[in-house]
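Q: Top to bottom, those sequences are chains A and B. First residue of the first sequence: 1, per the numbering used here; consecutive thereafter. First residue of the second sequence: 1001, per the numbering used here; consecutive thereafter.
Do not rely on the hints blindly, as some may be mistaken.
Some chain A residues near chain B, calculated using beta-carbon distances under 8 angstroms [as the list claims (entries may be wrong)]:
(1) R17
(2) A70
(3) S75
(4) V97
(5) V101
Derived from the structure by calculation, the hints contain no laboratory data. Just so you know, these numbers come straight off a predicted model, no measurement behind them. Glycine included, each C-beta is placed from N, C-alpha and C at the ideal position.
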Amino acid sequence: MTAVLVLLGAAVGAPLRYLADQWARSRFGGGFPWGTLGVNVFGSGLLGLLAALPAGPGLMAFAGTGLCGALTTYSTFGYETLRLLEDGARWHALANVAASVTAALAAAAAGAAAAHFIAVLP
Amino acid sequence: MSVADGGTARTVAAVSAGGMLGSLARYGVAEAFPHAPGGFGWAMFAVNVSGCLLIGVLMAVITGRPRVHPLARPFLGVGVLGGFTSFSAYALDVQRAFQAGAPGVAVAYLVATVVCAPAAVYAGLRVTRPLVRRGGRP
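Sequences and hints are given; from them, build the entire structure.
A: Below you can see the structure in the form of structure tokens.
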């Protein structure tokens, strides 16, 4: 059952990442991987929130492992970083790594803080 | 971005199907190799780095071959490998290691993954590019 929930979440998360990337490319161009950065930060924030609530095992499988897991990606992040390096855009590559890691961790912390705030609501 | 045209709808469906397969594999690996809250997340480290190696191999094939199926990159790259690897699971692993009072493990895991990921992409590309060039032109 858990595996089915993971599958359902991933069925939504992966195409959302693709569509967000397409939108970011049309909006900002293909020079910097804004789309991947955006989904990675958003997904990390949402997973931070779900983990800190804490969400039940079913919701965690669907929205955490499935949706957030598939919405975010490391392979595309790695590939786009290497492409920037190969194209000689070293500072863009470094900025992509620094921004992705710090913003994703900050988002996860913000998500956890939001969960604690939700927990004290009446 | 119009989902209405058939090409885009097929691409989105391929990404979704691939994402399901990749995520199921990631879930399987994570379940098979759990780690303690303050421990090094070897499972996600291996998933993310091997996914990066494989996208290097895939992109060398896709960009090196004259004819590749149009759904190969959406299905295998964006879908399977995108769904297999996960930035949110990485961020949560780092956060949990910090919370468990293991800042050394958190930083080691954080740095090891972020350094090994592009290096693995590079290795995949470097190993595959000459093979594709040789095989592509008879």
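Q: All hints are to be evaluated individually against the structure, with a verdict given for each.
A: So, going through the hints one by one against the coordinates:
At a threshold of 8 angstroms, the smallest CB-CB gap from R17 of chain A to chain B is about 6 angstroms, leaving the interface hint in force. A cut of 8 angstroms between beta carbons decides the hint on A70 of chain A: the least distance to chain B is about 4 angstroms, and the hint holds. Hint on S75 of chain A holds. Least Cβ distance to chain B is approximately 4 angstroms, under the 8 angstroms limit. Interface restraint check for V97 of chain A: the shortest CB-CB distance to chain B comes to about 6 angstroms, inside 8 angstroms, so the restraint holds.
Restraint check, V101 of chain A versus chain B: the minimum CB separation of about 6 angstroms is within 8 angstroms; hint holds.
Checked against the numbered hints given earlier, the structure satisfies every one of them.
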